[in-house]
Amino acid sequence: MPATEYDALKFHDGMVKAGLIVPVGVPGIFGRNHVFEDVLARFDAAVTRLATDDRADFFVFPPTIERRILEKVGYMDSFPQLAGTVHSFFGKELDARKLSERIHAGGAWGDAMAITDVSLNPAACYPLYPTLPGTVPSGGRVVTMLNWVFRHEPSPEPTRMQAFRVREYVACGPPEMVIRWRDTWLERGKHLLESLGLPAKADVASDPFFGKGGKMLAASQRELKLKFEVLVPVISRENPTACCSFNYHEAKFTDAFGIALPDGETAHTACLGFGLERCVMALFQEHGFDPGTWPGAVREKLWP
Amino acid sequence: MSENATKIRNILKEHGRLTKDASALGERDDLYQAGMTSHASVNVMLALEGEFDVEFPDHMLKRSVFESIAAITSAIDELTQGR
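Chains as they are written, first to last, in numbering that gives the first Met the number 0: chain A, 0 to 303; chain B, 0 to 82.
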């Protein structure tokens, strides 16, 4: 039985009342309690079990990446509105005093700061590419990561977070291997969510590119079927929430970072990511805020 | 060659990031195959809006509208009709 009505604010308030999340005063940022984190860890473990035959190398990267990655992959051309560049203070003693005075006077102080060499990571697969230069094995390589990502899109809607975790898999190899791998995972991802009692459906999707030009990029992405999502109703039945996202990058990243196959041919990449908080929220909405009352089949899958 | 087609070729030359010479392209040659990326096509679209003082409505912001000089010409004709 659904935890609340399919409504963003009711679902948010329901999770707060159940103690699952703790608001901190900024939309899209909140704390998670031990129950939420337990479900998240167990869902993540279920993904790992599903991926055994990928023999993926596992990494965790911090939520900050080299700013140059954003520049190199064209993130600022497509999503400047979502970027979280990190700024710091580079001034001298007197400038620091002035900064302090301005802050305590309640004024704006952003112009006293300057951009640093790091940025918040907006996409779970980004930190990987600079580590791959050279050649990938002819059979391809699969890497998995559990990374925090940041998107500057403050919203009271609980599934639209500014910071969240993604369990990511990236395949790098010959184009046909990468496409086959992506298609296998599209089935797997949908099946995993269905096996947890979630009414999942897969659909072609597009990214929230900036501006009018962005509408064109989104249309192109859809036409070329470069992005798919597995969606589950969480805050709306009509507009289900993307819980798992699949992107085929063709040679975008391998060109940018000089990654090739042993015979010199171009390697392609694809990635898939489970938005972990969204998957957890989908479970709470579908089965109720108390995991102790969830259907036996779902519990067996998560607490094997 | 029509005046519009010349303007379109100049825009493609400047913004299309084509791997071929825009003036040597056939009217129906596929611009994406000629090296125009999605991002380059956005720059082409914005340059066309400036040059012809038109605004592409949302339903025209798709690949097929910008896939060839002929397709762009007919889109511009449609947007400037009745002027």
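Hints in this document: simulated from the structure, not taken from any laboratory.
Don't take every hint at face value.
Heads up, simulated DSSO-like pairs for lysine-lysine below, C-alpha to C-alpha not over 27 Å straight-line [what the hints assert, rightly or not]:
#1 A/Lys71 <-> B/Lys6
#2 A/Lys214 <-> B/Lys61
#3 A/Lys214 <-> B/Lys6
#4 B/Lys6 <-> A/Lys224
#5 A/Lys251 <-> B/Lys61
#6 A/Lys251 <-> B/Lys6
#7 A/Lys251 <-> B/Lys12
#8 A/Lys200 <-> A/Lys224
The following residues of chain A were derived to be distant from chain B, with all beta-carbon distances above 12 Å [unchecked claim]:
#9 Asp12
#10 Gly30
#11 Gly73
#12 Ser77
#13 Gly90
#14 Arg140
#15 Val142
#16 Lys200
#17 Phe208
#18 Gly210
#19 Ser219
#20 Gln220
#21 Glu222
#22 Gly263
Which residues of chain B face chain A? A few of them, derived with a C-beta cut under 7 Å, are [stated by the list, open to error]:
#23 Lys12
#24 Thr36
#25 Ser37
#26 Arg62
All values derive from a computational prediction rather than experimental measurement.
C-beta atoms are modelled at their ideal positions from N, C-alpha and C, and glycine is treated no differently.
Cross-check of the supplied hints:
no.	hint	verdict
1	A/Lys71 <-> B/Lys6	violated (32 Å)
2	A/Lys214 <-> B/Lys61	holds (8 Å)
3	A/Lys214 <-> B/Lys6	holds (24 Å)
4	B/Lys6 <-> A/Lys224	violated (32 Å)
5	A/Lys251 <-> B/Lys61	holds (20 Å)
6	A/Lys251 <-> B/Lys6	violated (30 Å)
7	A/Lys251 <-> B/Lys12	holds (23 Å)
8	A/Lys200 <-> A/Lys224	holds (16 Å)
9	Asp12	holds (35 Å)
10	Gly30	holds (39 Å)
11	Gly73	violated (7 Å)
12	Ser77	violated (8 Å)
13	Gly90	holds (36 Å)
14	Arg140	holds (26 Å)
15	Val142	holds (26 Å)
16	Lys200	holds (24 Å)
17	Phe208	violated (9 Å)
18	Gly210	violated (9 Å)
19	Ser219	violated (5 Å)
20	Gln220	violated (8 Å)
21	Glu222	violated (5 Å)
22	Gly263	holds (20 Å)
23	Lys12	violated (19 Å)
24	Thr36	violated (10 Å)
25	Ser37	holds (5 Å)
26	Arg62	holds (5 Å)
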